[in-house]
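Turn these sequences into a full structure, and let the hints guide you.
The numbers in the working numbering rise by one with no breaks, and the one at position 120 of the sequence shown is 120.
No lab work stands behind these hints: they were computed from the structure. Among the hints, erroneous ones may be present.
[To be verified] Straight-line Cα separation of at most 25 Å, DSS-like style, residue types lysine-lysine; simulated pairs:
1. K2 x K15
2. K3 x K15
3. K120 x K77
4. K77 x K48
These numbers were taken from a predicted model, which means no experiment stands behind them.
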Amino acid sequence: MKKVNLRDLYPDAYKTDHFVEVTEDVLETIRAAERAEAAYDRRMYRYKVHYSLDCDNGIENAILMKPQTPELLLEEKQLREQLYARYYLGMRVSEIAVTEDVDPSRVRDSIRRGLKQLAKYF
Numbered sequence: 001m002k003k004v005n006l007r008d009l010y011p012d013a014y015k016t017d018h019f020v021e022v023t024e025d026v027l028e029t030i031r032a033a034e035r036a037e038a039a040y041d042r043r044m045y046r047y048k049v050h051y052s053l054d055c056d057n058g059i060e061n062a063i064l065m066k067p068q069t070p071e072l073l074l075e076e077k078q079l080r081e082q083l084y085a086r087y088y089l090g091m092r093v094s095e096i097a098v099t100e101d102v103d104p105s106r107v108r109d110s111i112r113r114g115l116k117q118l119a120k121y122f
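Structure representation (C-alpha cells):
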C-alpha cells in the first residue's frame, strides 16, 4: 500500500494535506493518467495545436449541417407517420394511401426512401 496526497490530485477540493493509502493498481492508474496529461501538454506546447473538447468534431459537423426548412420537417413528419402506420399499426399501403388521399405508389416510394434513411443510422 502506498500513500497518496489528495491535495496533489484535487487541489480545489483539498486545501490541506490529506493522505490516503491506495493499492499498487490504483497508484499505477493515477500515474498513467498523470503521464497522459503531461504528454498532452507537451504536444500542445511542441506543435502549438489546440484540440477541441467536443467529441467527434461536433462543432465542425454543426456548421456543415444545413438548417432544415419547414418543408423538409413536414416531409420527415409525414414519412415517420407512414412508417409507423405500416410497421407498427400493420396497415397496408393501400389503406395508408386512402387515409392520406394519395396514390399508393407514392406511399410505397416514400416508405422505401424512409427505410433507406433509417439504414444509414443503423
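Cross-check of the supplied hints:
Note on K2 and K15: the hinted pairing holds, with a Cα-Cα distance of about 21 Å set against a maximum of 25 Å. About 18 Å separates the Cα atoms of K3 and K15, which keeps this hinted pair within 25 Å; it holds. A threshold of 25 Å between alpha carbons decides the hint, and for K120 with K77 the separation of about 18 Å falls inside it, so the pair holds. For the given pair, K77 sits about 46 Å from K48 by alpha-carbon distance, which is inconsistent with the 25 Å threshold.
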